[in-house]
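I would like the entire structure built from these sequences, with the hints used as guidance.
Read top to bottom, the protein sequences are chains C and E. If you want the working numbering, it's the position in the first sequence, counting the first as 1, plus 484. If you want the working numbering, it's the position in the second sequence, counting the first as 1, plus 12.
Among the clues, some could well be false.
Cβ-to-Cβ under 10 angstroms is the rule here; a few derived chain C residues that face chain E [stated by the list, open to error]:
id	residue
1	529
2	584
3	587
Quick caveat, the hints were computed from the structure, so don't treat them as lab data. Owing to the predicted nature of the structure, the values given are computational and were not obtained by experimental measurement. Beta carbons: idealized from backbone N, C-alpha and C, even for Gly.
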Amino acid sequence: LAKTTQPISMDSYEGQEVNITCSHNNIATNDYITWYQQFPSQGPRFIIQGYKTKVTNEVASLFIPADRKSSTLSLPRVSLSDTAVYYCLVGSGGGADGLTFGKGTHLIIQP
Amino acid sequence: DTGVSQDPRHKITKRGQNVTFRCDPISEHNRLYWYRQTLGQGPEFLTYFQNEAQLEKSRLLSDRFSAERPKGSFSTLEIQHTEQGDSAMYLCASSRDRGPRRETQYFGPGTRLLVL
Numbered sequence: 485l486a487k488t489t490q491p492i493s494m495d496s497y498e499g500q501e502v503n504i505t506c507s508h509n510n511i512a513t514n515d516y517i518t519w520y521q522q523f524p525s526q527g528p529r530f531i532i533q534g535y536k537t538k539v540t541n542e543v544a545s546l547f548i549p550a551d552r553k554s555s556t557l558s559l560p561r562v563s564l565s566d567t568a569v570y571y572c573l574v575g576s577g578g579g580a581d582g583l584t585f586g587k588g589t590h591l592i593i594q595p
Numbered sequence: 013d014t015g016v017s018q019d020p021r022h023k024i025t026k027r028g029q030n031v032t033f034r035c036d037p038i039s040e041h042n043r044l045y046w047y048r049q050t051l052g053q054g055p056e057f058l059t060y061f062q063n064e065a066q067l068e069k070s071r072l073l074s075d076r077f078s079a080e081r082p083k084g085s086f087s088t089l090e091i092q093h094t095e096q097g098d099s100a101m102y103l104c105a106s107s108r109d110r111g112p113r114r115e116t117q118y119f120g121p122g123t124r125l126l127v128l
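Below, the structure written as structure tokens:
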């Protein structure tokens, strides 16, 4: 399974755009990139998934360069409620592999 | 879609006791996963069911742990002779088999276990 590297923590302010970058140099051809969000004492929540270029949904955007060795999760106009841990995962599927989480990025939004 | 539910949400037990947790997946999901999460770490995969068949077990799942999914719907995770090191959040997730397409796993709220 491809290993991911992301910052341990980030700070920002309400109303700002936040970009969290994840490195995955050993990503395989069949691998997708998935981001989850987790609040304290809750299970992770799926945010967005992509394979290449750009994906956007109502919550976030995911930018993936052509070499796919990194990806950037973009959260527009964050609020205090976006304070959470964000996990970047890379893999080709669930099934017997399960999901491999790292330590994630602890995003703290200040007023 | 009522989401994945887990019961109980919290459990305090004494070392050596047995505990059992229940997970109810999203109804049309045929895949079910158990994870364990300790403080400051991401979730760690424990085991996986495809319908009622347990197809994979992590080496983290010691002999004291057993999981079942008897009718391919809800699942139980039992820990026998609990140890203080078993204290963690136990998470359940479910997904729909999409074949070669990457599936999305939906997580429940977790059961927080404290072993005294």
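Unmet hints by their number, sorted upward, for this structure:
none
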